[in-house]
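So the chains spell out like this:
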Amino acid sequence: MKNEWENKAEEAMNSLDGLQRATANPYLFTRVMARIEEQQNKWAVLANFISRPVIALSVTVFFVAINTWMIVKHPINSQLAKPVTEVEQSLEPEYANVNYSLAEVNSSEK
Amino acid sequence: MRYSTLAAKTATHLNEQELIEQLKRGDEAAFKKLVTSWQDMVYNTSLGIVQSETDAEDVAQEVFVKAFESIKGFKGESKLSTWLYRITVTKSLDYLRSRKRKKRFAFVSSIFGENNNLIVNPPDFNHPGVLSENRQQSAVLFKAMDNLPEQQKTAFVLTRIEGLGHKEVSEIMGTTVPAVESLLQRAKMNLKKQLENYYRQHL
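Protein chains in written order, with the working numbering: chain P, 81 to 190; chain U, 4 to 206.
Simulated from the structure, these hints should not be mistaken for laboratory data. Please read these numbers as outputs of a predicted model, since none were measured by experiment. Warning: the hint list may mix true and false statements.
With a straight-line Cα cutoff of 30 Å, these simulated BS3-like cross-link-like pairs (lysine-lysine) come out [as the list claims (entries may be wrong)]:
#, chain 1, residue 1, chain 2, residue 2
1, U, 78, P, 122
2, U, 78, U, 103
3, U, 105, P, 122
4, U, 191, P, 122
5, U, 191, U, 105
6, U, 195, P, 82
7, P, 88, U, 196
8, U, 146, U, 103
9, U, 191, P, 88
10, U, 27, U, 170
11, P, 122, U, 106
12, U, 146, P, 88
13, P, 122, U, 146
14, U, 195, P, 88
15, U, 36, U, 78
16, U, 103, P, 122
17, U, 195, P, 122
18, U, 146, P, 82
19, U, 170, U, 36
20, U, 69, U, 105
21, P, 122, U, 36
22, U, 196, P, 82
23, U, 146, U, 170
24, U, 196, P, 122
25, P, 82, U, 191
26, U, 195, U, 106
Start from the sequences and build out the full structure, keeping to the hints where you can.
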């Protein structure tokens, strides 16, 4: 025999029997279209702002200036084509054929 | 009889293919057809999950905006309705999560005295399609449904409120039929336990 609360719980569980589907607002399509247009407008406003001659020119000048500054301050070619100094030249033959084994190094130290 | 059903199904499939092609071309009339054909399905599903008519309408709008934006990526591997159900479930669950986050934030703010507004809990939800004699019990049931884990709640809403079969639910949720059956069984057990506790205290 079921308790009263168990019967009530069962009644609640069955309370969705015969449920009708809820209907959406008849103007949903209009609202969806308004939302889509609003979103497209946001991008359009951003695109318009970026494509303004003053903004576009300022951004271009800014990037050109940064690149020029980088090239002037840190010249890549000058680092690559660095002339060999006298000290480096004098050390060159010494390190030209370094084929020591660890045993040779140990014996020479003794 | 069987042949006529098959013919009807083929015709529907062809119509759907045609509609998808038109949608991909950005045809506004086709999009209107999509919205008017499936708006009740989307709204009713969302209403079952978010349990607020205003929020459900907001979610329905978001679902169709998303559908409009991503129709070009629709590969046609599932039915259009299954695809729309998936978007609806995702958007509704996202909406619930964001509502919970806001509620938590409002609670924390109120502790630190930044926001002294009272956190008002929404009133008991009554689905507009419930029979008038069942309104009281269904309000208690919806309250209990709100405490279910997301997956169980989704499976329960799709079967009991949208009246879908287990196979269709499994396709929407991207899982197997036995998994859906298991989710439903656990959902029913959880609901029964909550309802019994409620009535034990309130009778």
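Against the structure, the hints:
1. Of the pairs offered as hints, the one joining residue 78 (chain U) and residue 122 (chain P) holds, with about 28 Å between alpha carbons and a cut-off of 30 Å not exceeded.
2. Of the supplied pair hints, the one linking residue 78 (chain U) and residue 103 (chain U) is violated, its CA atoms being roughly 34 Å apart against a limit of 30 Å.
3. The hinted pair formed by residue 105 (chain U) and residue 122 (chain P) meets the criterion: a straight-line CA distance of about 25 Å does not exceed 30 Å.
4. For the suggested pair residue 191 (chain U) and residue 122 (chain P), the alpha carbons sit about 46 Å apart, so the restraint of at most 30 Å is broken.
5. A C-alpha spacing of about 29 Å is found between residue 191 (chain U) and residue 105 (chain U), which places the hinted pair at or below 30 Å, so the restraint holds.
6. Under the criterion of a C-alpha separation no larger than 30 Å, the hint pairing residue 195 (chain U) with residue 82 (chain P) is consistent with the structure, at around 13 Å.
7. For the hint linking residue 88 (chain P) to residue 196 (chain U), the alpha-carbon distance of about 12 Å falls within 30 Å, and the restraint holds.
8. Pair hint residue 146 (chain U) plus residue 103 (chain U) holds up; C-alpha atoms about 15 Å apart against a cutoff of 30 Å.
9. Proposed proximity of residue 191 (chain U) and residue 88 (chain P) is supported: the alpha carbons are some 15 Å apart, at most 30 Å.
10. Note on residue 27 (chain U) and residue 170 (chain U): the hinted pairing holds, with a Cα-Cα distance of about 28 Å set against a maximum of 30 Å.
11. For the suggested pair residue 122 (chain P) and residue 106 (chain U), the alpha carbons sit about 29 Å apart, so the restraint of at most 30 Å is met.
12. A C-alpha spacing of about 15 Å is found between residue 146 (chain U) and residue 88 (chain P), which places the hinted pair at or below 30 Å, so the restraint holds.
13. A threshold of 30 Å between alpha carbons decides the hint, and for residue 122 (chain P) with residue 146 (chain U) the separation of about 39 Å lies outside it, so the pair is violated.
14. Between residue 195 (chain U) and residue 88 (chain P), the direct Cα distance comes to roughly 10 Å. Compliance with the 30 Å bound is thereby established for this hinted pair.
15. Only pairs whose Cα atoms come within 30 Å are accepted, and residue 36 (chain U) paired with residue 78 (chain U) is accepted, the gap being roughly 19 Å.
16. For the given pair, residue 103 (chain U) sits about 28 Å from residue 122 (chain P) by alpha-carbon distance, which is consistent with the 30 Å threshold.
17. The straight-line distance between the Cα atoms of residue 195 (chain U) and residue 122 (chain P) is roughly 48 Å, outside the 30 Å bound, and the hint therefore fails.
18. The suggested pairing of residue 146 (chain U) with residue 82 (chain P) holds, with an alpha-carbon distance near 23 Å, which does not exceed 30 Å.
19. A hinted pair counts as satisfied when its Cα atoms are at most 30 Å apart, and residue 170 (chain U) with residue 36 (chain U) qualifies at roughly 26 Å.
20. Of the supplied pair hints, the one linking residue 69 (chain U) and residue 105 (chain U) holds, its CA atoms being roughly 23 Å apart against a limit of 30 Å.
21. Distance check on the hinted pair: residue 122 (chain P) and residue 36 (chain U) sit about 26 Å apart at the alpha-carbon level, within 30 Å; holds.
22. Note on residue 196 (chain U) and residue 82 (chain P): the hinted pairing holds, with a Cα-Cα distance of about 14 Å set against a maximum of 30 Å.
23. Straight-line distance between C-alpha atoms of residue 146 (chain U) and residue 170 (chain U) comes to about 27 Å, which keeps the hinted pair within the 30 Å bound.
24. For a cut-off of 30 Å, the pair hint linking residue 196 (chain U) to residue 122 (chain P) is broken: about 49 Å separates their Cα positions.
25. Pair hint residue 82 (chain P) plus residue 191 (chain U) holds up; C-alpha atoms about 18 Å apart against a cutoff of 30 Å.
26. Proximity of residue 195 (chain U) to residue 106 (chain U) is assessed by CA-CA distance (about 27 Å); at most 30 Å being required, the pair is judged to hold.
Checked against the numbered hints given earlier, this structure breaks hints 2, 4, 13, 17, 24; the rest are met.
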